[in-house]
Amino acid sequence: MTGSQPKKVLVLGSGALKIGEAGEFDYSGSQAIKALKEEGITTILVNPNVATIQTSDYLADEVYFLPVNAYFVEKVIEKERPDGIMLGFGGQTALNCGLELDQKGVLTRYGVNVLGTSIQAIRETEDRDLFIKKLTEIGVKAPRSSAVTSVSMAVRVAEEIGYPVMLRVAYALGGLGSGSCWNAEEVRERATHAFAHSPQVLIEEFLKGWKEIEYEVVRDRFDNCVTVCNMENFDPMGIHTGESIVVAPSQTLTNSEYHMLREVAIRVVRHLGIVGECNIQFALDRHSEGYRVIEVNARLSRSSALASKATGYPLALIAAKLGLGLSLVDLKNPINNLTTACFEPSLDYVVIKIPRWDLRKFRMVSQRIGSGMKSVGEVMAIGRKFEEALQKGLRMLEIGVCGLVGNDNFRVSDLERELCEPTPDRVFAIPEAIKRGLSIDRIHDLSHIDKWFLYKIRHIVEIEERLRQRASQGCSRELLTEAKQAGFADRQIAGMVGLTEPQIRGQRKHWNIVPRVKQIDTLAAEYPAQTNYLYLTYNGQDDDIARESTNSVIVLGSGAYRIGSSVEFDWCCVNTVQTLRRLGYRTVMINYNPETVSTDYNECDKLYFDEVSLETVLDIYEMEQPLGVIISMGGQIPNNLALKIHEAGLTVLGTSPLSIDAAEDRHKFSQLLDRLAVEQPEWKELVTGEEAKAFANRVGYPVLVRPSYVLSGAAMGVASTDSELLRFLDRASEVSQRYPIMISKFVENAKELEIDAVACAGEVVVWAISEHVENAGVHSGDATLVLPPQRTYLETMRRTRKVTGKIAKALNIHGPFNIQFIAKDNDVKVIECNLRASRSFPFVSKILKLNFVDLATKVIMGHPVPKIHGSVFDVEYVGVKAPQFSFTRLDGADPTLGVEMASTGEVACLGDDFEEAFLKAVLSVGYHLPVRSMLLSTGPVEAKAAFLESARILQGLGITLYATKGTSEFLRANDIETTLLHWPLEQETPNILEYLTQRKFDLVVNIPKNYQEEELTNDYMIRRHAVNFGIPLITNIQFAQRFVEALSRKGLDDLEIKSWREYNPQHRLSSIGGALTAGS
Amino acid sequence: MQGTREKTGMVQTENSRLVLEDGSVFEGRSFGFPQSVSGEVVFNTGMVGYPETLTDPSYKGQILVTTYPLIGNYGVSGDDPVDEVGGPFESNRLQVSALVVSEVSVHHDHWNASKSLSQWLLEQRIPALWGIDTRSLTKRLREKGSMLGKILIDEKDVELYDPNNDNVIALVGVTSPVVYAGGKTRIVVIDGGCKNSIIRSLLARGATVIRVPWDYDFLDEEFDGVLISNGPGDPKACEKTIAQVRRAMEREFPIFGVCLGHQILALAAGGNTYKLKYGHRSQNQPCKEIGTNRCYITSQNHGYAVDPQTLPAGWEPWFTNANDGTNEGLRHRSRPFMSVQFHPEAAPGPVDTNFLFDEFLRML
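Listed in order, the protein sequences are those of chains U and F. FYI, in the numbering used here the residues of the first sequence are 6 to 1085. FYI, in the numbering used here the residues of the second sequence are 968 to 1331.
Just so you know, these hints were derived from the structure itself, not from any lab. There may be inaccurate statements among the hints.
Subject to a maximum C-alpha distance of 27 Å in a straight line, what follows is the list of computed DSS-like cross-link-like pairs (lysine-lysine) [to be verified]:
1) K84(U) / K1055(U)
2) K138(U) / K84(U)
3) K1151(F) / K1203(F)
4) K456(U) / K1082(F)
5) K814(U) / K834(U)
6) K337(U) / K1106(F)
7) K337(U) / K1203(F)
8) K337(U) / K1082(F)
Listing some non-contacts, in silico: residues in chain F with all C-beta distances to chain U over 10 Å [stated by the list, open to error]:
9) R1102
10) E1326
11) M1330
We put the CB at the ideal spot given by N, CA and C, even for glycine.
Isolated chain U (complex conformation) (with noise of 0.2 Å):
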């Protein structure tokens, strides 16, 4: 750093959404892509993420939907010539990029500076042996380690350091394949897979029970270093963190434990030299002050993310500025802008984050949580007592708890295997402990969970026996407020005596039982705050701000992100806000995900860091007086909602509840399409499994099974047989008790699209229709769009439009919507409808350059819309999402498409034609090119009909060519050679998992036999060691004649490094509006 500041800027950021690397990185992306545009300097971004706010027309001045690796990156280097980069807001991703570009020569070649922390610094916190080394320079401790290189030398090292101990994979995201090993034998298991994915794997001192400690730290070039925030896992070492339940501040450290930690990670930040931002992770003995450094990340991370939220301390605002070489001390406080930002945040609350899984989703995944992250998301709740964070966070789960306890469909089955080998449920399971009678000692030897964690946890158990004891004399104003005191919801206090929600609002509200307004200042009340960050608190007992009523408006958020709702929903929440701001009503914004931008405090006039339940949206909108609340942007939650606040008298912004639920409801929507004449799948509601089965014998299977209020497929099915079928019944009553269950005609071998569109008082406005790539039957969220379509009728797209302009009309739709269809031979079947924006609402805004969002909320707020022209739609390119899985992380989960939803995120990529469009989206979600080699098992005759003309021109390519034994013979019965392997289960060679152990292929092309096979099947095994080593793999037909059709036409050089505006250069459209007057 040479002190004079760099012109124009490059940024990366983390691409699409997977587990361990979130949205978190939207948030730093785009606090970092502010605040250099604040210092004046030009921005590039590259990022495929098209859900994005960081991706937005107005951040940045230049982005690039490409790949962020090497490649890519060094291809815009090239055409745009920054003399700067940052590498710390795009995750480890962008971290690991930023390396291979320095090794490659490309930042010296070109001239570009790394801003920030020095890419020496970054290797030094990155490669283990250099770690210690520089560890053991200061006098710090590490646990007892070292780097190993084979498999052989992993099983020596471990006998060194004596069993058990912890293998950690380097360079790796989230601890992907880390994990405690007991004997030589589980070192040999792990270390062969972990070397599929790094060259280097460490062997260390398990600390398995210690308390585990971190804190965020923030220097600048002048040495200036404070400690912004320290946070103490719930889950003690032995779970990683972003497993974890997290609390902020640390509740079980002395003052001396605390600031000999503090001091530990200052001494190390400086020594290392990070500029920026950097998280350090201690493990600390309970029995002593003995502690271990764990790890550094030289970068923005999922934790300061968290620690911005919790704090209010905008860390990787800072972060950014401070690696542009500004000093810590000169930068204010935003919060309120008074005082330095060269300061320790101090909390007069406590803060709690609780990780989101969906296990339950995949097919064949172990639900075991341990070193290796596999949560989807996470919510962060604010209280003023442990157990009101607590119980106001696992609500804000959305996985049907009502708190802590309380909750009738929550059983284990071995208590004590819960507690110590947890999986998500393990919460749960302490209380249920505590009422078996479990001691407090026994639980936390079971769990290490610090007793004093322990102790609030029965001191809900206690609360909730005294409800259930008062239930036939009803509840004292004591209780009550105890119990709102220690987080209880009204429902849950509801249902343990024996009343009902109304009735306990009802009650509390006479005896004044109301929760507090309080603000998040950074200096606990020290100095008042500017901003309007709050919280709702029973512990108080008055409110920080006055209330007003001022031409506001409530927006709800998506709440936790988890599969098949998020950074997408919180883009729709944050361009909602800035619309309502630029029509000048004041914003209320409802969300606890620290994850988003939507939980910027800066983005909305007030924010309420607090569940979007009933109850607290009607405890906001009493206290707000709002003009209304807008429901229908942050996906399922607030959606599902709507019916509920509009029974309980507000004003709901958009398309009446009613026709929400008219679409939500089965029934009344089927019979709706009926009066249309709109054709559906035909489909019964189920009541008994024999009528299930009369139904599915007389429609033909396979059969669609679903509870009827879903997203992403939740408890979906396809079934072929009467078998699967009651099985499948099985698991969907589990899922909802309170809504029926469908059964519906699967209709095989059909295209699907869907619209999203913008209606006004049942007038379509805006539209697009997307055509997936898959054919139906594949969860329109793991299916690869294409906008605008390219192999669709035009027939079947007026048509696709007259219906949905039925729809809109019937149901006076006036906001955003969806629908999805099926097309087959110019017939179009209506399969779902969503009144609220979708998923791909980001996706086609951005790809049209046309902000459906703020259209609809023009909309909502009654604000003047022309009717776009169509020629808006006539785009001279192609835009292609792809989505992003996860599988790598959930161990033995199944990669298969199917009607659940599977996928983690996705990317957007644009392209002259189909073809370049698509190859830049699959090789942002880990495609790679060239391929020399593949594994063709192309699965049912039908498939491999499909597939031969495609295996042809894989011929043609001279690409090496694999085959299982059918496949080999149909292949050759047409001409096509091709190597034969053996089936894994024949283990005879050449054997497939041989190759795969090798990776001899570059692609895996297998398709399954039928939709959801529940077996450890050949099939299951190529497709799970292709993951497990890291080989791309394709299950879909039709993708994989589009890639090989694309491969055919394109190379890597072929694909162009064009920005977003070179494609679409009509600039800012979406964010001042202009969209309106370009399309009229």
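Starting from the known structure of chain U, arrange chain F on it as the hints suggest.
Coordinates of chain F only, in the frame set by chain U:
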């Protein structure tokens, strides 16, 4: 539940509340010694270190409010002496007049704990309240300034007491000199309520410490330098100490003032002090070293400050509070006198500035 409470020292009383001099009332519940008491109500925003804070003699006469809502989580380790200086904390007793928190842990857990906070308060007869919205209370103190107040338990009223009208330092320091043998360097510590960590910081650096009472004439002792300690109350009440320091300055003994000691040094030099609206009591006060790019996070506990404009020639400000611009340290341009408003010995709080003890010793 009730049984456990008794065991951990929780005594339930009716009608416990905090009344401020402006008339505002905060209802709470008692968890300390059930006795009404009065004092100056101050808040501290530190998130850890309640045993260290409660034993800091600078809180003499004050009712302490913690902004962090969960207090007592890790209990209290035994207060038996750990070395010649005394117990593990900052003095050998609880110094606050009373403690006010949002929530106290009924159950604590720590390998080093021997009792609960509540037990400790009971043993040392210190009243305490929980169940109070300490954020709301803090905002009131911030807006109106530190106020006198009283904790009323079972309606037993007491007179309002202002420790700043009293010579409180006389109540907290040693009453006769104590010598802690160390190395050759001999340092006189003027004990106006000195925190044990200051003594320990000097001993750890190999000095011999002669701890003398606030009004002791130490000039006849054999020593190399003087440290004026922290302590409670209004510095201007310490006339005798100021006079002693002035004499030491005349003889150009190296002097290091900490907190109250900083204010006393300023007064001895001819400068002035004033009362801050609500003081600095926290572990996160940023202090800029003037003339450098450096800023340190410091631990603080003071209600008065030095007005640097009033200092005679030869003196210069050394540190400034980066938040509110108040003076945080002084240095003499040519003579070996220096002082800081914050606590380089930390305890509780960050240890970033303990290098100042090294600087002091180098000056001798």
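Discussion item. Hint check: K814(U) vs K834(U), CA-CA at most 27 Å. Holds or violated?
Written reply: Within the cut-off at roughly 18 Å; holds.
Worksheet item: Is the Cα-Cα distance between K84(U) and K1055(U) 27 Å or less?
Response: With a Cα-Cα distance of about 21 Å, the restraint between K84(U) and K1055(U) holds, given a limit of 27 Å.
Discussion item. Checking a non-interface call: every C-beta of chain U should be farther than 10 Å from the C-beta of M1330(F). Is that right?
Written reply: M1330(F) is indeed farther than 10 Å from all Cβ atoms of chain U, at 23 Å.
Discussion item. Can you confirm whether the C-alpha distance between K456(U) and K1082(F) stays at or below 27 Å?
Written reply: At roughly 15 Å apart (the allowed maximum being 27 Å), K1082(F) and K456(U) satisfy the hint.
Fill in: Agreement of K138(U) and K84(U) with the hint, judged by alpha carbon distance not exceeding 27 Å
Given pair K138(U), K84(U) is violated - Cα atoms ~39 Å apart, limit 27 Å.
Worksheet item: Given the proposed pairing of K337(U) with K1106(F), does the C-alpha separation stay at or below 27 Å?
Response: Holds - the C-alpha atoms of K1106(F) and K337(U) are around 22 Å apart, at most 27 Å.
Item to complete: Compare the distance between the alpha carbons of K1151(F) and K1203(F) with 27 Å, and conclude whether the hinted pair is satisfied.
Response: Not satisfied, since the Cα-Cα distance of roughly 34 Å exceeds 27 Å.
Practice prompt. For the pair supplied as a hint, K337(U) and K1203(F), confirm whether the alpha-carbon distance does not exceed 27 Å.
Written response: Outside the cut-off at roughly 35 Å; violated.
Worksheet item: Is K337(U) close enough to K1082(F), meaning Cα to Cα at most 27 Å?
Response: Measuring from Cα to Cα gives roughly 42 Å; hence the hint is violated.
Discussion item. A cut-off of 10 Å on Cβ-Cβ distance, and R1102(F) was said to be off the interface with chain U. Does that hold?
Written reply: The assertion about R1102(F) is violated, with a minimum of 5 Å to chain U.
Practice prompt. Over 10 Å to the closest beta carbon of chain U is the bar; see if E1326(F) clears it.
Written response: Nearest chain U Cβ is 17 Å from E1326(F), so the label holds.
In the structure shown, a violation is registered for the earlier hints numbered 2, 3, 7, 8 and 9, in ascending order.
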